[in-house]
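When you number the sequence shown by this note's numbering, it's gap-free, plus one each residue, and the end is 203.
Because the hints were derived from the structure by calculation, they are not lab data. Note that the Cβ used here is the ideal one computed from N, Cα and C, for glycine as well. Don't take every hint at face value.
[Stated by the list, open to error] Listed below are the simulated SDA-like cross-link pairs for lysine to any residue, each with C-alpha atoms no more than 20 Å apart in a straight line: (1) K194 <-> R126; (2) K201 <-> I33; (3) K18 <-> G157; (4) K122 <-> R172; (5) K194 <-> G57; (6) K122 <-> A85; (7) K159 <-> L112; (8) K194 <-> S54; (9) K159 <-> E181; (10) K122 <-> L86; (11) K194 <-> D183; (12) K201 <-> T139; (13) K194 <-> A184; (14) K116 <-> R172; (15) K159 <-> R172; (16) K41 <-> M9; (17) K159 <-> E176; (18) K116 <-> P90; (19) K41 <-> R64; (20) K159 <-> S178; (21) K201 <-> E140; (22) K18 <-> D39; (23) K194 <-> E181; (24) K194 <-> R34; (25) K18 <-> D179; (26) K159 <-> C147; (27) K194 <-> L31; (28) K116 <-> I155; (29) K101 <-> H16.
[Claimed, not checked] Taking CB as the label site, the calculated pair distances span: (30) R96 <-> D39: 20 to 28 Å; (31) N117 <-> K201: 42 to 50 Å; (32) K201 <-> E148: 24 to 32 Å; (33) T102 <-> V49: 17 to 25 Å; (34) N17 <-> G99: 17 to 25 Å; (35) E198 <-> V156: 29 to 37 Å.
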Amino acid sequence: MDYLVATHNKGKRDELVRILSPLGIRVFLPDEKGITLSEPVEDADSFEGNALIKARAGCRESGMPCIADDSGLCVDALDGRPGVFTARYHGEKTPYREKMEFLLDEMKNVPAEKRTARFVCAAACVFPDGTETAVRGTCEGRIGYAIVGEKGFGFDPVFEVGGRSFAELSDSEKDAISHRGNALGKLSAELAKLK
9 MDYLVATHNK GKRDELVRIL SPLGIRVFLP DEKGITLSEP VEDADSFEGN
59 ALIKARAGCR ESGMPCIADD SGLCVDALDG RPGVFTARYH GEKTPYREKM
109 EFLLDEMKNV PAEKRTARFV CAAACVFPDG TETAVRGTCE GRIGYAIVGE
159 KGFGFDPVFE VGGRSFAELS DSEKDAISHR GNALGKLSAE LAKLK
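Can you build the whole structure from these sequences, using the hints too?
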């Protein structure tokens, strides 16, 4: 079955392909199907709410089952910020390198034991018949002291698990522990029940 992914982020699509293809699910970006999606306002106060907003809009506009996620970085020393505002943290159009530098500056006086953080991902799927499902995955880690690694995207180079940044992990290592891998594993189980 073909599913649309309500994103233009090829990195997210690639993770979905790796995790959902064993179910026989083929995942496509909108432009791969010749579909132009609107960008709905993500004004929910939870990751699940924002993921459902995007999945509902994508399903309505494409007529296809649509998967969307909303994810973010929650830093304990910053009272959970940036949280659901991660993409808009330090300015929506600001390059991620600058966002990471800003975050590291905010954390410069935070001692090692208080640099705990987690990535959170909510993944949702909405079907043309109105069926909806949403799940949450998390990955506990810490904020490092520098931007390290070349892989991944977003805040991956400053988020450490087991002494390495997400941007230093191979795809398979990251999929095994990441918030998105965790959420997509749960979503995969839900979709298997619905097939």
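Hint check results:
1. K194 <-> R126: holds (18 Å)
2. K201 <-> I33: Given pair K201, I33 holds - Cα atoms ~13 Å apart, limit 20 Å.
3. K18 <-> G157: At roughly 19 Å apart (the allowed maximum being 20 Å), G157 and K18 satisfy the hint.
4. K122 <-> R172: This hinted pair holds, its Cα atoms lying about 17 Å apart.
5. K194 <-> G57: Status holds; Cα separation ~17 Å.
6. K122 <-> A85: holds (6 Å)
7. K159 <-> L112: Measuring from Cα to Cα gives roughly 19 Å; hence the hint holds.
8. K194 <-> S54: With Cα atoms ~18 Å apart, K194 and S54 stay inside 20 Å; holds.
9. K159 <-> E181: holds (12 Å)
10. K122 <-> L86: Roughly 10 Å separates the two Cα atoms, so the pair holds.
11. K194 <-> D183: holds (13 Å)
12. K201 <-> T139: Judged against 20 Å, a Cα distance of about 12 Å means the pair holds.
13. K194 <-> A184: Satisfied, since the Cα-Cα distance of roughly 13 Å is no more than 20 Å.
14. K116 <-> R172: Answer holds: K116 to R172 is near 19 Å, not above 20 Å.
15. K159 <-> R172: holds (12 Å)
16. K41 <-> M9: Distance of about 14 Å is within 20 Å: holds.
17. K159 <-> E176: Given that 20 Å is the threshold and the Cα spacing comes to 6 Å, the pair holds.
18. K116 <-> P90: holds (16 Å)
19. K41 <-> R64: holds (17 Å)
20. K159 <-> S178: holds (8 Å)
21. K201 <-> E140: holds (13 Å)
22. K18 <-> D39: holds (11 Å)
23. K194 <-> E181: holds (18 Å)
24. K194 <-> R34: holds (17 Å)
25. K18 <-> D179: Given that 20 Å is the threshold and the Cα spacing comes to 14 Å, the pair holds.
26. K159 <-> C147: At roughly 17 Å apart (the allowed maximum being 20 Å), C147 and K159 satisfy the hint.
27. K194 <-> L31: Given pair K194, L31 holds - Cα atoms ~13 Å apart, limit 20 Å.
28. K116 <-> I155: Distance ~13 Å between K116 and I155 Cα, so the pair holds.
29. K101 <-> H16: Holds - the C-alpha atoms of H16 and K101 are around 15 Å apart, at most 20 Å.
30. R96 <-> D39: 20 to 28 Å: This hint holds: roughly 24 Å between Cβ atoms.
31. N117 <-> K201: 42 to 50 Å: Holds, at about 48 Å.
32. K201 <-> E148: 24 to 32 Å: Since K201 and E148 have Cβ atoms about 27 Å apart, the given range 24 to 32 Å holds.
33. T102 <-> V49: 17 to 25 Å: holds (20 Å)
34. N17 <-> G99: 17 to 25 Å: holds (18 Å)
35. E198 <-> V156: 29 to 37 Å: For V156 against E198, whose Cβ atoms are near 34 Å apart, the range 29 to 37 Å holds.
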